[in-house]
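S.K.: One letter stands for each residue in the lines below.
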Amino acid sequence: MFAVILLPQFRLQAALRLRAELCAQPVAIVDERSDKGVVLEGNEVAESSGVTTGMPSAQALARCENLTLLPRAIGQERVAQAALLEVACSLSPEVEATADGCCTIDLRMAKISDWPAWGAAVVERFAALELRARIGVGSNADLAFLAARRAAPVLVVQTPTVFLSQLAVTEIDPPPHLLALLRDWGVHTLGQLTSLPRGELASRLGPDADRLWKRAMGRTHRLLRLVRPVEEFVETFEFEQEIETTEPIFFILRRFLDQLARRLTGVHRVAAAMRLTLLLENRTTHERLFTIPAPTVDAEVLFRILRTHLDGLQLKQRPTGVWLQVDPARPDHQQLRLFESPLRDANRFGETLARLIALVGHGNVGVAEIADTHQPDRVRLAEPKFHELRAAAHTDAEENLAIGLPLRRYRPPLAAQVQVERHEPAYVVSDTAHGRVAGALGPYRISGGWWDRERWGTEEWDVEIAGNGLFRLSRQNEQWFIEGCYDAQLR
Amino acid sequence: MIALRELLAQKFPLHEHLSSGTLPTGLDAFDQTEGGLRRGALTELAGSPGAGALFIEALLALLPREKCFAALVDGGRSFDAESGPPEALRRLLWVLCGTADLAVKAADLLLRDGNLPLIVVDLQPLPARELQRIPASTWHRFQRLVEESSTAFIVLTPRPMVEAAAVRIAIQNVWTLPAMCERRRTLLHRLRAQVFSRRNFAAVETLERRFA
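Protein chains in written order, with the working numbering: chain A, 1 to 491; chain B, 1001 to 1212.
Don't read these hints as lab results, they were simulated from the structure.
Please read these numbers as outputs of a predicted model, since none were measured by experiment.
All residues carry an ideal CB built from backbone N, CA and C; glycine is no exception.
Any given hint might turn out to be false.
[Claimed, not checked] Here are some, though not all, of the chain A residues that point toward chain B, as calculated from beta-carbon distances under 10 Å:
#, residue
1, Val45
2, Pro406
3, Tyr410
4, Glu459
5, Tyr486
6, Ala488
[Stated by the list, open to error] Listed next, the stretches of chain A that the computed footprint assigns to chain B, with coverage defined by at least 3 CB atoms under 8 Å from CB atoms of chain B:
#, stretch
7, 123 to 133
8, 434 to 444
When you get a sec, could you build the whole thing from the sequences and use the hints?
M.R.: Written as structure tokens, this is what we have:
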């Protein structure tokens, strides 16, 4: 059997998918490229007011003054088409993208006994994605397509001849000259057409008429142009006007994530990363990539990650649209121990990390990575990846080798005046420590980068300043600094 | 797995508290009396910057050994990463703040997160005037947050000031230059620590008067 999934009024459905508030009002999609703004599709409310396809928008407005005219939402049409193919590809590997909002599925290898129930389940899946679908099932692709056009919402053709005999000839799109001729003969239904002898019809009207007769009998067999499933999980929305607050963005993002989570669940994938793009009024964009620490399809978790970022975001331009892409990944099947894991909730930790970055600034939170140089305090903070860290065999060797008190650095180092006697610091004057040097260890001379412009050199001393404590002094280009404190006496 | 763990935690709330226990620090006086850092409790370490830095080092050494993670809220932006063992640094979330206000907010976020079993807030390098502006209610709120988790929460201060602390460690060492030639582990053993828990807080008040 073949099945055809048809999304009726595809362009209108795509445009209204994220704007449920408009569904009860008369709405029509207009072709902006045409001079008169021709109506492409209108919803039932608009059609009941006399708005029809092909009507100029001015005439449509004259017939229905409350009519809302919308341009085609190309981005959302792509999203709806991608969702259609995702669902179809999850039903069978042999899928044809027949047209926008229509796909044909070869189900000859499927063992389905209850076709109406199967069709109803597929319709429900589309309903969860806020798309209205019709399913037609038949013994060949063309028959299934005809069934889908008449489905409400599922139609399974068990006896093709009975089903086809009631259809109008126009349903199978005959060439115009044949249609006119058949009308003249009084042939209006496919049943009337198939009652004519095939050989004589072909000899009088040519091969086009023979093909039409075969279609009317439901005997055509064509090869499907198969498509490969493209795992592209994108949702996009353009606002009618610039956005002043974050609330509309939150609302749309929440709906995006609900939809994307359902689509991911449908293909047994989880979100490993999210790319958020805000389209701004000056036609630039704000982009941000979010890596999900523990890939998930939980829309609430994903939304919290986006919300944390947007809460602290300040833009100079107002957003006019949102674009969200989710990178799918296979669910992690790693067996964890019941009460032990690297982090209890890696996603929550990621969210906390984002909040900390918003609080103290980027570059002030992370895991310390020491640069491969002897230059002091060359440390950069990298994103922590605790959930990926594997426990290594622990050795006490490095701990045993550590000598002296750990340093507490002053960032930046404090300028000081140092009196030198016999090549050693003898007296220190600074805002932090002031006094005679009771003892000094040094000098420890370190240098590097002599082979390029980043040349550096410093001379370090560990000194005890009487009545103050233990400090580290450094001399660079004859300028003295207090680098940090080992211990200071409390005052 | 997360959902299962949460479900188990809801069904058997006592399990975590019973198994929380303590974390040994390597500070003899403290480990012998208290058994180590108490999880689910606020511990205050009051002492000089040198003692605080040594204690942080001891806690860092704990991370690879216990295979756990920690956060250091660096109030004075003074932590020297080069002093710490690289193996431990990979397990440490370092938050550079610069003011007491930021440090308190960062600590609040980390406590509410509940993922890290050890959180250290270092306020020792900050000016006393700034520390005095932290309301006492903040520490009580932190203590309540910690009680509900299995996190060991340590605040390093120059003087005793955290009234809500369940355990207070007061260190009174004064280091001189020869200490710079001794092994760090030896220095840690030489720390003279007085430990006060909620059971003998009258002694803590005496200590506060002495510091004042």
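S.K.: Taking the hints in turn, state whether each one holds.
M.R.: Checked hints:
no.: 1; hint: Val45; in the structure: 43 Å, violated
no.: 2; hint: Pro406; in the structure: 4 Å, holds
no.: 3; hint: Tyr410; in the structure: 7 Å, holds
no.: 4; hint: Glu459; in the structure: 17 Å, violated
no.: 5; hint: Tyr486; in the structure: 6 Å, holds
no.: 6; hint: Ala488; in the structure: 5 Å, holds
no.: 7; hint: 123 to 133; in the structure: violated (count 0)
no.: 8; hint: 434 to 444; in the structure: holds (count 4)
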